[in-house]
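Number of protein chains: 2
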Amino acid sequence: MKIDVEKCAQLLGEWDNILILCHAHPDGDTLGSGFALLRAMQGLNKRARILCDDEIPSKYSYMLDGIKNEEFEPDYVVAVDVATVSLLGSLQETYGDRINLCIDHHATNTKYAENLLLCSDAAANCEIIFEIIKALGVKIDKKTADCLYTGLTTDTGCFRYSSTTSNTYRCAAELIDLGADNGYINRLMFETKTKKFAALERLATQGMQFFLDERVCVITITNEMYEQTGTDEQDTEALPPLTRQIEGVEIGLTLREKKDKTCKCSIRTFESVNAADLAGAFGGGGHKQAAACRFDCDIESAKKLLVEKSKELLK
Amino acid sequence: MKIDVEKCAQLLGEWDNILILCHAHPDGDTLGSGFALLRAMQGLNKRARILCDDEIPSKYSYMLDGIKNEEFEPDYVVAVDVATVSLLGSLQETYGDRINLCIDHHATNTKYAENLLLCSDAAANCEIIFEIIKALGVKIDKKTADCLYTGLTTDTGCFRYSSTTSNTYRCAAELIDLGADNGYINRLMFETKTKKFAALERLATQGMQFFLDERVCVITITNEMYEQTGTDEQDTEALPPLTRQIEGVEIGLTLREKKDKTCKCSIRTFESVNAADLAGAFGGGGHKQAAACRFDCDIESAKKLLVEKSKELLK
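So the protein sequences, as listed, match chains A and B. When we follow the numbering used here, the leftmost residue of the first sequence carries the number 1, and every step to the right adds one. When we follow the numbering used here, the leftmost residue of the second sequence carries the number 1, and every step to the right adds one.
Be careful, since some hints might not be right.
Which copy is meant is left open, so a pair is good if it fits within one copy or across any two.
Said to hold, decoys possible - Cut-off 25 Å, straight-line C-alpha distance, at most; resulting in silico cross-link-like pairs (DMTMM-like, lysine to aspartate or glutamate):
1. Lys-134 / Glu-174
2. Lys-143 / Glu-271
3. Lys-134 / Asp-177
4. Lys-193 / Asp-235
5. Lys-195 / Glu-237
6. Lys-196 / Glu-214
7. Lys-193 / Glu-237
8. Lys-193 / Glu-214
9. Lys-195 / Glu-300
10. Lys-59 / Glu-247
11. Lys-139 / Glu-14
12. Lys-195 / Glu-250
13. Lys-139 / Glu-6
14. Lys-288 / Asp-277
15. Lys-195 / Glu-308
16. Lys-311 / Asp-277
17. Lys-143 / Asp-177
The hints are simulated quantities; they were obtained by calculation from the structure and are not laboratory data. Keep in mind the model is a prediction, meaning the values are calculated, not measured.
Pulled out of the complex, with its shape left as it was, chain A reads as follows (with noise of 0.2 Å):
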């Protein structure tokens, strides 16, 4: 069931025992929804859990500053930031046809949940979570700001994206106001390169391919880059963007090889391709101009097939 903001403030009033789960390969504005709903939960003295496939990468770490994330056995499973629920990975076997709630604002959302919360125009997730807490009246202390701040600045590219709306802008300035350390998560999130990922980026630049009178650009990472740079798929999340931004290309193709030698692609597109169509052609998903898939195929093989699909979207 389809429901709005005041009844999703209801229905997290009247519930405890929350298990609050994250998407795989956890993003800041997966994390930044989940660590600042369960404090808004902790501050409601709700007993109060977040969950994740995958491990939180430490510069996120400033989220779990001061929080309880005790195991019990969960009443109500909320999916925040999840368009479908084989992005909760291993998680889906257990939970993936119990969630009580999914607050998203992926248009792509596959409505697995009892209730949805969904707001495809909120250019962060963040911005749903912000008005929920508002709804529900408590206290927005300076580590949830910081919580939402996070979400708000990633998913945006630092406020850089089309996607962002004046609203994106006036939450942020709300929650500057009330604590959030914009200058610190900035630099954190966008401003600190390791020199080994400094390395690995000039790999990858280095390597760009283009294609189909370069409108689109590919950025190939192999195993052998990882080694040679001491890097691994963690430190690759930067690289997308990089793609679309040399002038001219309106597809950035990222496509990174995995241990098994199948490979994943991060697409980033501008305003006459939607990325989600093309990751949708490849079981995918995601935002128009930001989004991914998995192939069970090597890189090469990948590239081609994108490629191909590609020439067709770009008529």
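Starting from the known structure of chain A, arrange chain B on it as the hints suggest.
Just chain B, lined up with the frame of chain A:
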């Protein structure tokens, strides 16, 4: 005389035949300030004109849409985002001693103008100009909103730097509601790299040097690198922020060789060092975390001087 926004709006309301001066080597904030003010003045049916010592980079050409910029003998001269008269370049000779009003946000402003509106807590000068235009009661159209938004986003590295306040975000939200095309402007300012710039960037990052326990990072741009990539100085604007992105770096220096083999340096720092202090030691200036200076010597000698002074400031 130091004045406030009210008084500034009152003066501008009374004046006519106004010449607006931007600083040389113009950036988005001085141009956004200048063109927004020009549009506001012309919106009040005043004669106004804008002048800058250097050519306006083509990426800002949308600011010029639909304005008149005809020559006339000015009765009043207004400098925007100009910390000191030397930054006017060759315009200093004609106008340096007759600036009636300066609207600026640099704490280092040398108080050269008859009337000075200085708000050093504004992340961008356009925040101040926005307030003035509102105080003047002129309707802010889409094009003016675009100019003002450009200043906000360029002077804050797209709302990234710690100088960005909740007011900066609030201004951005208002300007988007007034029609500013944030997606388009940010794409143009931050997401569009020419292939030749991408090549220059690769050369620059390949040649990064580290000093003083890797707390200082230096990028060097030589005339040879310009030749090799088909770029020129105008293409280097996006390089300085790269220096301080490497983990552990506190001072980032970007040295650019000039045709006559002397050089300029852009300085980026974090909280631990005041960039304006480092630049000031060599006759330059700027903000706490972004400043610049010139040298009459070659790059290697300048580098030595800068690293020595950095050692002092890092203590």
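Okay, the hints, checked on the actual structure:
Proximity of Lys-134 and Glu-174 under a CA criterion of 25 Å is satisfied in both settings, with 12 Å inside one chain copy and 22 Å between copies. Within a single copy, Lys-143 and Glu-271 get their C-alpha atoms only as close as 35 Å, which misses the 25 Å cut-off; across copies the closest is 21 Å, which meets it. In this homomeric assembly, Lys-134 and Asp-177 come within 25 Å of each other (Cα to Cα) both inside a single copy, at 15 Å, and across copies, at 23 Å. Proximity of Lys-193 and Asp-235 under a CA criterion of 25 Å is satisfied in both settings, with 9 Å inside one chain copy and 22 Å between copies.
In this homomeric assembly, Lys-195 and Glu-237 come within 25 Å of each other (Cα to Cα) both inside a single copy, at 15 Å, and across copies, at 22 Å. Taking identical chains as interchangeable, the C-alpha atoms of Lys-196 and Glu-214 lie at most 25 Å apart only when they sit on different chains, with a minimum of 14 Å there against 29 Å within one chain. Taking the shortest alpha-carbon separations for Lys-193 and Glu-237, both the intra-copy value of 11 Å and the inter-copy value of 20 Å come in at or below 25 Å. For the identical chains of this complex, Lys-193 and Glu-214 are inter-copy neighbours only, at 13 Å across copies versus 28 Å inside a copy, given an alpha-carbon limit of 25 Å.
In the homo-oligomer, the alpha carbons of Lys-195 and Glu-300 lie at most 25 Å apart only across protomers (24 Å), although the nearest pairing inside one protomer, at 28 Å, exceeds that limit. Taking the closest pair of Cα atoms, Lys-59 and Glu-247 come within 25 Å of each other only across two copies (12 Å); inside a single copy the shortest separation is 31 Å, beyond that limit. Taking the shortest alpha-carbon separations for Lys-139 and Glu-14, only the intra-copy value of 18 Å comes in at or below 25 Å, while the best inter-copy value is 48 Å. In this assembly of identical chains, the alpha carbons of Lys-195 and Glu-250 lie at most 25 Å apart only when taken from different copies (14 Å versus 30 Å within one copy).
With identical chains, the CA atoms of Lys-139 and Glu-6 are at most 25 Å apart within one copy only, with a shortest distance of 17 Å there and 37 Å across copies. In the homo-oligomer, the alpha carbons of Lys-288 and Asp-277 lie at most 25 Å apart inside one protomer (8 Å), although the nearest pairing across protomers, at 45 Å, exceeds that limit. Proximity of Lys-195 to Glu-308 under the C-alpha cut-off of 25 Å is restricted to the inter-copy arrangement: shortest distance 24 Å between copies versus 36 Å within a copy. When the C-alpha separation of Lys-311 and Asp-277 is checked against a cutoff of 25 Å, the pair qualifies only within one copy, where the shortest distance is 13 Å, while the shortest distance between copies is 53 Å.
In the homo-oligomer, the alpha carbons of Lys-143 and Asp-177 lie at most 25 Å apart inside one protomer (13 Å), although the nearest pairing across protomers, at 29 Å, exceeds that limit.
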